[in-house]
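Residue numbers (this note's numbering), protein chains in the order written: chain S, 2 to 231; chain B, 2 to 231; chain Z, 2 to 231; chain P, 2 to 231; chain G, 2 to 231; chain F, 2 to 231.
Because the hints were derived from the structure by calculation, they are not lab data.
Any given hint could turn out to be false.
Claimed, not checked - In silico DSS-like links for lysine-lysine, alpha-carbon gap of 25 Å or less:
hint	chain 1	residue 1	chain 2	residue 2
1	S	Lys203	S	Lys192
2	Z	Lys148	S	Lys203
3	F	Lys110	P	Lys148
4	Z	Lys83	B	Lys83
5	Z	Lys229	G	Lys218
6	F	Lys218	G	Lys218
7	F	Lys148	F	Lys110
8	S	Lys148	S	Lys110
9	B	Lys218	P	Lys148
10	P	Lys148	B	Lys192
11	B	Lys83	Z	Lys218
12	Z	Lys148	Z	Lys226
13	G	Lys192	G	Lys218
14	G	Lys203	G	Lys192
15	Z	Lys218	Z	Lys229
What the hints assert, rightly or not - Sample of chain B residues with no beta-carbon within 10 Å of chain Z, all distances over it, derived:
hint	residue
16	Gln144
17	Gln191
18	Ala224
19	Gly227
Ideal Cβ positions, reconstructed from N, Cα and C, are used throughout, including at glycine.
6 protein chains.
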Amino acid sequence: MTYPVGTQGVVVQNIMRADQSVIDGLAACGVATVHEAQGRKGLLASYMRPIFSGARVAASAVTISAPPCDNWMIHVAIEQIKANDILVLAPTSPSDAGYFGDLLATSAKVRGCRGLIIDAGVRDVRDLTEMNFPVWSKCIFAQGTIKETLGSVNVPVVCAGELVHPGDIIVADDDGVCVVRREEAEEVLQKAQAREANEAEKRARFEAGELGLDIYKMRDRLAEKGLKYV
Amino acid sequence: MTYPVGTQGVVVQNIMRADQSVIDGLAACGVATVHEAQGRKGLLASYMRPIFSGARVAASAVTISAPPCDNWMIHVAIEQIKANDILVLAPTSPSDAGYFGDLLATSAKVRGCRGLIIDAGVRDVRDLTEMNFPVWSKCIFAQGTIKETLGSVNVPVVCAGELVHPGDIIVADDDGVCVVRREEAEEVLQKAQAREANEAEKRARFEAGELGLDIYKMRDRLAEKGLKYV
Amino acid sequence: MTYPVGTQGVVVQNIMRADQSVIDGLAACGVATVHEAQGRKGLLASYMRPIFSGARVAASAVTISAPPCDNWMIHVAIEQIKANDILVLAPTSPSDAGYFGDLLATSAKVRGCRGLIIDAGVRDVRDLTEMNFPVWSKCIFAQGTIKETLGSVNVPVVCAGELVHPGDIIVADDDGVCVVRREEAEEVLQKAQAREANEAEKRARFEAGELGLDIYKMRDRLAEKGLKYV
Amino acid sequence: MTYPVGTQGVVVQNIMRADQSVIDGLAACGVATVHEAQGRKGLLASYMRPIFSGARVAASAVTISAPPCDNWMIHVAIEQIKANDILVLAPTSPSDAGYFGDLLATSAKVRGCRGLIIDAGVRDVRDLTEMNFPVWSKCIFAQGTIKETLGSVNVPVVCAGELVHPGDIIVADDDGVCVVRREEAEEVLQKAQAREANEAEKRARFEAGELGLDIYKMRDRLAEKGLKYV
Amino acid sequence: MTYPVGTQGVVVQNIMRADQSVIDGLAACGVATVHEAQGRKGLLASYMRPIFSGARVAASAVTISAPPCDNWMIHVAIEQIKANDILVLAPTSPSDAGYFGDLLATSAKVRGCRGLIIDAGVRDVRDLTEMNFPVWSKCIFAQGTIKETLGSVNVPVVCAGELVHPGDIIVADDDGVCVVRREEAEEVLQKAQAREANEAEKRARFEAGELGLDIYKMRDRLAEKGLKYV
Amino acid sequence: MTYPVGTQGVVVQNIMRADQSVIDGLAACGVATVHEAQGRKGLLASYMRPIFSGARVAASAVTISAPPCDNWMIHVAIEQIKANDILVLAPTSPSDAGYFGDLLATSAKVRGCRGLIIDAGVRDVRDLTEMNFPVWSKCIFAQGTIKETLGSVNVPVVCAGELVHPGDIIVADDDGVCVVRREEAEEVLQKAQAREANEAEKRARFEAGELGLDIYKMRDRLAEKGLKYV
């Protein structure tokens, strides 16, 4: 059974995950390539930035729908984490509060969590950096949260402008965050890998000094459109 | 005597400062802990970001109320600095101008200044980084400023949304900036240290694999509120 | 012949460039000094940030006027690059799309390009960092672009709030980006170097503990304006 | 059959719509009441503002997924409009362009369209106001768009942070925009009407001078939490 | 006794208010004049906009410090309202939630409340407009709030960047919002009225075609600074 | 002789203006049509909004380059106004200050000024509305300005992202602001009028129920691109 976006008060315990080899393959391709390979969709808003650079992750989403400034559901979600999952938190109303810090990261990491995607704030970023626990967030803010109102775990959420279902694959690196639907993951991986192969060949030609104008045979179409060299 | 926020044309020369050991204790606790310890107050807006990561400072505020795009008062303020102070500048109207650069930092550092909190712009950030002179600012911007209009030094200011009195303690690290009232500093330190001790114990339990749901005994209250596992 | 801002469908092939020694001299001075030396003008908006810190560049602008979300003209522009040029891209309507990534950087670098200034998005930032190819951009975003509509190369553009003519000198470092008009470059360099000499002398006095109040003889004027010490 | 968010190149011609009496009932309740009645979900981001005040609409969503700065799909969508529908456009990447103006409004209105919700720009707002054709948009901007790339009509979209399925009910007034899932519309209407009845009774008591503290019996709980009157 | 900014859990019942004739005098002068008269201080941030145009109010502030997304304290505050007061709400952490709507406005109005200044969201704006109950807010947003956490009533707050003490005078019109300290109100009024008289005389001269350059005798000083007419 | 953008300390007294009948013709066409007619260029940023709705103006630009928070040059500029001119102010560094209010408007209006375009703040907006003096501004803010630093009058400026030369034609209405180069004004007017004629014919067909798909013969090209109806 599936729950609609916005369902509150529910924890879905059994979610489907993509094959780990597919997930790892997507990690190797990175955000830009995966985004292109799936038809230029799935990118979270550009304000989602990593707290430290150099991390590159792909993992299955354990989703959290949380009230503004209330991080109670993160504790609930951590119990649902399996190895190689990633937490994805979307507040039900905009919030910059610091829902997540080093204690929750410790707990999540013990269970194999690979990181956090949060359309809100995070804190203890120096500790998280030392733990090598990557977070992509809307902001860094120490503002404390409460534990008063229910949300949900593992229902679909809209996070930073993109729909994320539990079990979808999150790919995240220095370029930002991209979501791949679980059902499409294999096909996207194939296309991404094909794209990478093609890019390697192109890169060699660029390195040899060929121009994109020639490699992609653009000159005629530019002339047709009326481009004038003066 | 105290001056109201907004007083212009005044330099208060003798301000009270907290005990240095208290200040140092707050530095060791860091922003997130101190913010929690004092009842979740005192955080400056999340747009206040450090120009380099890794700095952790606590120091007594020497406050500057400055006109927009006019940095004259910084020169006045530097004379008022004592060792282990930090400058806190709030413009009287929003400004992104670069009020502060490497020459002012050199002068401030010679007098023992620990850094700058500025709700405006800063420049020469590479030099400041090399000098290990930390700045938390609204932006990085080289725009020059003038020296035409008086402001004040060591009157209360509202900086990035928080009231700062001269002599209040500024705690700043990678999570942002928090202000502690001088009169409350000792009590806040005690609470912050108690909180740290408690967190150390919690961290050990999390590392051992216990869940927050159990450590904080949340399961009953979640059930009462109606949380459903499906 | 010159073309007005907003001309579309034109590639200007021969542009004038400043003397390389002048350009190199400006690079050594850096953004803040050059901005001051030319009368506090020429700074691009403060949202233009480098994708990695530590780069300091001065180079001749090869300008690109590109439609929103359409990077076709970058391919056209790369053919126009000479050694020690820098690309400057302004979209004709606001866009955060990722116009530029590692393949284009490879092609540009082969031709001697020193970097990119783009009032839009960039992607593959990890690769660009490893290539040591500096970019100052409005944002980091992997969103793909199309190749459907003409723009222009080497016509004047307004980029991040500043007018840039082809062949103008771009100075960029951790403080942001500044444009110097080609016709004024020599004079600006002289003023910038004079300023640097003057700053070195001032820095020594600050390091020796002198105050700006005394170095710049500010005390009388402050008193005249009515500043009160209490 | 349903299509996932992000599907491109598809026009779904037959969508299900809620009963018109239910839709009209929701219009009468307004955004704030409907949002509360469905458990505080469904609100589009607060930057979605009406181009003129006083409009209050509820209608079935005909959704448009459109490339940035490309309004081709609006022409396709207009053919799919039935009386009392409303267009909901979400760009596939952020855009402020003016996708929609008076000609498109004329065409849409002839077919019975009740308005437009667009997470981008709109233009000709004076004409639209005179036509009494309401629009809730991210901005007002005259920037022209192209017709080069396919999008989709009547696939689910994320618009201003909320998931909208074709046939969902859009409620919009001076408070903003709220989406109600078609499957939940009847139940939401019942709750909204119950809420309205309750509010009428409360309003009478407030008008008579009773306090919320007494009407809602808050005093004891406030005291328990520790509120002190001084 | 006074309470510091940030005090939680306290309701101060007896606050001092300025003389009503002074308050009414300030209303007649308006925001821009009052702001100038008190030395260009006291303006709340420019994002504080009225929900309808044409309102001009001056009133004594009943302050509310409220948790993010929690409007419980508004009920507490309404009991403290006396005729010709105005509510001033500052959240303890940024929030866009719709803390206030028509029911609360009804209750406040019955007690003589003149309006609301809120550094957060408001809803039911059409009803509020019909009631002629003016609100200056950060945004219009219907998002519901909870009643779980204590704040305070009639302690000093920082609202939209300005410190407001209970009993300070709020002046608000189409230009925005300005706060006048109670202790300074009479003096500010005198200066504002003097300014108005002076402006009336200036207006007559401008209407007669005289130039500011002559009225204010600016030509010499401009020439001295080096202005060149070409 | 022409002066570059950024020139300070100069007042150009004789500027060329377009023929008044051309200017009036552009006013009748409005912003959206003029923008399209000149090849989709010339739009100022969408944050430039009118202080009241319903104004539609075209006029010759008298440009002002002003320091941040310093409105001295407006007095200088007013002397340069001829009937049917409009003031265009660009600060040399971002500023929200209220450079302009009812006294300056009175003075400008007496000389035949048609309005103000300002990439900064404006105040006394209620008075300006009553005077029917239209302003398009970045914000409404009462913050006072100083008169200390020279700028220029009638040199080219970059205002809200667009280059404006003195004597260029500004077209402004509820859709925003567009600049037309003086040299291109006649040709743009012809194209705009042709466009209007064409739109009138299109509007009639839309009103008769024809679809854009048919009027513009889009069906084949959509099918070619692969659009699927399901």
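Verification of the hints:
no., hint, in the structure
1, S:Lys203 with S:Lys192, "holds, 16 Å"
2, Z:Lys148 with S:Lys203, "holds, 17 Å"
3, F:Lys110 with P:Lys148, "violated, 44 Å"
4, Z:Lys83 with B:Lys83, "violated, 53 Å"
5, Z:Lys229 with G:Lys218, "violated, 29 Å"
6, F:Lys218 with G:Lys218, "violated, 66 Å"
7, F:Lys148 with F:Lys110, "holds, 22 Å"
8, S:Lys148 with S:Lys110, "holds, 22 Å"
9, B:Lys218 with P:Lys148, "violated, 58 Å"
10, P:Lys148 with B:Lys192, "violated, 62 Å"
11, B:Lys83 with Z:Lys218, "holds, 22 Å"
12, Z:Lys148 with Z:Lys226, "violated, 60 Å"
13, G:Lys192 with G:Lys218, "holds, 23 Å"
14, G:Lys203 with G:Lys192, "holds, 16 Å"
15, Z:Lys218 with Z:Lys229, "holds, 17 Å"
16, Gln144, "violated, 6 Å"
17, Gln191, "holds, 34 Å"
18, Ala224, "holds, 42 Å"
19, Gly227, "holds, 40 Å"
The structure shown violates the earlier hints numbered 3, 4, 5, 6, 9, 10, 12 and 16.
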